[in-house]
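*Asks:* Model the full assembly from the supplied sequences, consistent with the hints where possible.
Chains as they are written, first to last, in full-length UniProt numbering: chain A, 1 to 126; chain B, 1 to 126; chain C, 1 to 126; chain D, 1 to 126; chain E, 1 to 126; chain F, 1 to 126.
In case anyone wonders, no lab produced these hints; they're calculated from the structure. Some clues are possibly wrong.
Which copy? The list can't say, so a pair holds if one copy fits it or any two copies do.
Listed next, the in silico DSSO-like pairs over lysine-lysine satisfying Cα-Cα at most 27 Å (straight line) [as the list claims (entries may be wrong)]: (1) 118 <-> 38; (2) 92 <-> 38; (3) 126 <-> 11; (4) 11 <-> 38; (5) 126 <-> 38; (6) 92 <-> 126; (7) 92 <-> 118.
All figures in this text were calculated on a predicted structure; none of them were measured in a lab.
Protein chains: 6
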Amino acid sequence: MEHNQRLIDGKAMLQRVDAEAADSVMASLHTIAPDVAKMILEFAFNDIYMRSGLSLQQRELITITSLLTQGDTADQLRVHLNGCLNVGLSQKEIVEACIHCIPYVGFPKVLNALTVVKEVFADSQK
Amino acid sequence: MEHNQRLIDGKAMLQRVDAEAADSVMASLHTIAPDVAKMILEFAFNDIYMRSGLSLQQRELITITSLLTQGDTADQLRVHLNGCLNVGLSQKEIVEACIHCIPYVGFPKVLNALTVVKEVFADSQK
Amino acid sequence: MEHNQRLIDGKAMLQRVDAEAADSVMASLHTIAPDVAKMILEFAFNDIYMRSGLSLQQRELITITSLLTQGDTADQLRVHLNGCLNVGLSQKEIVEACIHCIPYVGFPKVLNALTVVKEVFADSQK
Amino acid sequence: MEHNQRLIDGKAMLQRVDAEAADSVMASLHTIAPDVAKMILEFAFNDIYMRSGLSLQQRELITITSLLTQGDTADQLRVHLNGCLNVGLSQKEIVEACIHCIPYVGFPKVLNALTVVKEVFADSQK
Amino acid sequence: MEHNQRLIDGKAMLQRVDAEAADSVMASLHTIAPDVAKMILEFAFNDIYMRSGLSLQQRELITITSLLTQGDTADQLRVHLNGCLNVGLSQKEIVEACIHCIPYVGFPKVLNALTVVKEVFADSQK
Amino acid sequence: MEHNQRLIDGKAMLQRVDAEAADSVMASLHTIAPDVAKMILEFAFNDIYMRSGLSLQQRELITITSLLTQGDTADQLRVHLNGCLNVGLSQKEIVEACIHCIPYVGFPKVLNALTVVKEVFADSQK
Chain A
1 MEHNQRLIDG
11 KAMLQRVDAE
21 AADSVMASLH
31 TIAPDVAKMI
41 LEFAFNDIYM
51 RSGLSLQQRE
61 LITITSLLTQ
71 GDTADQLRVH
81 LNGCLNVGLS
91 QKEIVEACIH
101 CIPYVGFPKV
111 LNALTVVKEV
121 FADSQK
Chain B
1 MEHNQRLIDG
11 KAMLQRVDAE
21 AADSVMASLH
31 TIAPDVAKMI
41 LEFAFNDIYM
51 RSGLSLQQRE
61 LITITSLLTQ
71 GDTADQLRVH
81 LNGCLNVGLS
91 QKEIVEACIH
101 CIPYVGFPKV
111 LNALTVVKEV
121 FADSQK
Chain C
1 MEHNQRLIDG
11 KAMLQRVDAE
21 AADSVMASLH
31 TIAPDVAKMI
41 LEFAFNDIYM
51 RSGLSLQQRE
61 LITITSLLTQ
71 GDTADQLRVH
81 LNGCLNVGLS
91 QKEIVEACIH
101 CIPYVGFPKV
111 LNALTVVKEV
121 FADSQK
Chain D
1 MEHNQRLIDG
11 KAMLQRVDAE
21 AADSVMASLH
31 TIAPDVAKMI
41 LEFAFNDIYM
51 RSGLSLQQRE
61 LITITSLLTQ
71 GDTADQLRVH
81 LNGCLNVGLS
91 QKEIVEACIH
101 CIPYVGFPKV
111 LNALTVVKEV
121 FADSQK
Chain E
1 MEHNQRLIDG
11 KAMLQRVDAE
21 AADSVMASLH
31 TIAPDVAKMI
41 LEFAFNDIYM
51 RSGLSLQQRE
61 LITITSLLTQ
71 GDTADQLRVH
81 LNGCLNVGLS
91 QKEIVEACIH
101 CIPYVGFPKV
111 LNALTVVKEV
121 FADSQK
Chain F
1 MEHNQRLIDG
11 KAMLQRVDAE
21 AADSVMASLH
31 TIAPDVAKMI
41 LEFAFNDIYM
51 RSGLSLQQRE
61 LITITSLLTQ
71 GDTADQLRVH
81 LNGCLNVGLS
91 QKEIVEACIH
101 CIPYVGFPKV
111 LNALTVVKEV
121 FADSQK
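*Replies:* Structure representation (structure tokens):
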């Protein structure tokens with residue numbers, strides 16, 4: 001039954017990080033690759049996110065940095081920028097995290113990320 | 001004089017993050033591109049690192065995540081893994097940050113980073 | 001005349017891999033860089049694809065893996081996902097290939113690819 | 001006052017490279033991260049672009065190559081393809097620069113860049 | 001107990017793909033991050049590699065393509081080039097897979113991979 | 001016979017860009033993948049380098065920028081930094097090209113490139 005517990009706990013964690021994304025990610029993968037949705041919940045949001053050693057705020061900061069750095073991740077950034085806000089990071093911390101990356105990745109990737117940040121902040125105000 | 005202040009403050013910041021690296025980075029760039037050493041101090045370690053909004057621990061966590069994610073950065077990781085320890089992150093937090101990246105970048109980049117982490121932790125014990 | 005044979009054979013190969021793309025790639029490059037269209041046919045689809053040692057199914061599997069891994073390649077993935085189907089790979093094999101990449105590149109790039117896979121499969125049903 | 005001079009000179013340089021972009025970049029960053037706009041002007045367009053040792057034509061050639069190579073940079077390419085034209089590179093030189101990258105990065109990134117090149121050349125004809 | 005079964009089956013799979021690597025990967029992660037070794041076995045070599053839909057030969061072909069494409073993966077390539085041979089791919093197929101990537105990633109990454117291929121083939125002859 | 005002319009002209013071009021590399025690249029590929037050596041000569045150094053529209057100096061500037069930007073290319077950079085010097089670019093232009101990339105790729109990739117630049121300049125003085 002441990003397997004199912006991984007799924008249940010992973011779902012609860014994704015709900016906490018970004019409840020809206022939880023539903024839309026599941027829905028979009030439903031027909032094409034439902035097992036990937038399961039792996040995201042069991043592996044990413046249970047096995048990884050539930051580990052001790054880092055706070056959820058630290059985890060989300062790491063996540064958006066990795067997404068910003070690899071590029072071509074606007075969709076995933078959208079989920080985790082909401083995640084950042086949901087676990088209690090401030091808008092200022094999020095923007096600063098992007099700015100902090102400039103010396104490591106250059107301006108283009110940071111500008112791409114800030115474009116998504118701007119959308120997410122605008123949506124979260126509604 | 002503001003320009004010189006940027007350099008002085010940047011030097012102090014790099015000293016704080018990694019005193020040993022401060023000297024070796026300067027030395028290695030001295031003959032080939034001394035202006036780059038100056039930019040690292042003035043722009044990266046003054047203009048960016050001195051900003052408010054994130055703690056030095058958060059900044060170093062972001063830095064190693066960005067380096068791990070882009071790959072081919074063993075030398076820079078070495079500097080900033082020492083930086084992580086110097087600003088007060090625990091060994092556990094550093095290893096957890098690497099593990100947290102697995103769902104976002106896959107195992108190869110995380111294994112590469114952990115190889116450097118292992119070296120740095122071994123050296124820091126001496 | 002060998003040169004022209006490379007072009008003729010490359011065209012035939014691209015027709016076989018993705019007939020529709022063959023026309024649209026040519027058309028889109030026609031005004032801006034017709035030589036690039038020629039190189040794609042002569043070099044990629046003749047010199048490389050016509051080599052022995054791998055089946056066309058293996059070649060298309062390698063192609064979509066490389067495109068998925070480098071990111072920012074939705075347009076090229078579209079062509080070669082159709083190519084996969086045209087050379088006889090099953091939908092299951094294509095989705096499995098994407099899933100197999102998760103431990104090597106992480107979820108974001110796989111999710112990006114699956115979004116294109118879903119579109120291509122939907123279009124191919126029409 | 002040196003600081004302000006960096007900003008003034010950086011603004012003048014960006015005006016020269018791409019006057020239209022100068023305004024739109026400033027505007028888009030205005031609410032979310034005005035300091036990043038300042039860094040682009042002071043660091044990128046003053047500290048870097050104003051250096052001696054390379055002509056502006058060489059600098060823009062380097063810029064579009066770096067953007068093409070890293071991928072996911074259509075927005076930045078748009079600015080700097082206009083920049084290429086504004087500092088006197090010919091359309092032929094720009095297309096050739098993209099073609100020259102094929103052996104180093106493969107076709108997909110070059111095709112992505114040529115799509116933007118085509119748009120920019122069409123717009124510049126109006 | 002399912003959890004342990006994942007570990008047991010993952011170990012058996014890695015043994016089959018590359019028995020020597022199985023031991024050295026475990027050993028190298030033992031002190032620094034033993035949980036990562038466990039995840040590699042449970043997630044990568046059980047959850048992913050044990051799936052139906054692709055042969056082990058197809059899986060290893062995909063793996064080396066993804067490693068070649070992302071770069072900075074000489075250590076991982078070494079493991080999976082041996083894996084390719086162990087699951088029955090021929091030396092010719094492996095070299096062809098590298099060559100097939102040239103139009104997609106350019107020559108540098110393919111040359112880097114071929115350097116490792118050459119070492120692995122030389123070692124496997126001993 | 002056109003095919004052979006491509007090979008002959010490509011060889012002459014690589015001789016001109018970097019005579020020493022011409023021999024060592026051929027030698028290293030001789031046993032593992034001789035066709036790749038042929039493609040480098042015919043496609044890269046004939047079909048691409050022999051095109052009109054850019055000077056050899058512009059081509060080598062583009063080449064090192066693309067190599068610096070993609071990372072994990074120290075071996076190829078070594079060849080083309082020598083190539084830069086051989087086609088008449090000055091040491092100052094080469095270092096400036098690296099510095100110019102800082103705003104686009106960040107410091108780590110530029111520092112990696114400068115390490116190779118330093119070696120190549122030291123060797124060229126002997």
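*Asks:* For each hint, tell me whether it holds in the structure or not.
*Replies:* To see whether the hints hold, each was checked on the structure:
no.	hint	verdict
1	118 <-> 38	between (30 Å within a copy, 18 Å between copies)
2	92 <-> 38	between (33 Å within a copy, 17 Å between copies)
3	126 <-> 11	within (26 Å within a copy, 35 Å between copies)
4	11 <-> 38	both (9 Å within a copy, 22 Å between copies)
5	126 <-> 38	neither (31 Å within a copy, 29 Å between copies)
6	92 <-> 126	within (18 Å within a copy, 39 Å between copies)
7	92 <-> 118	within (12 Å within a copy, 34 Å between copies)
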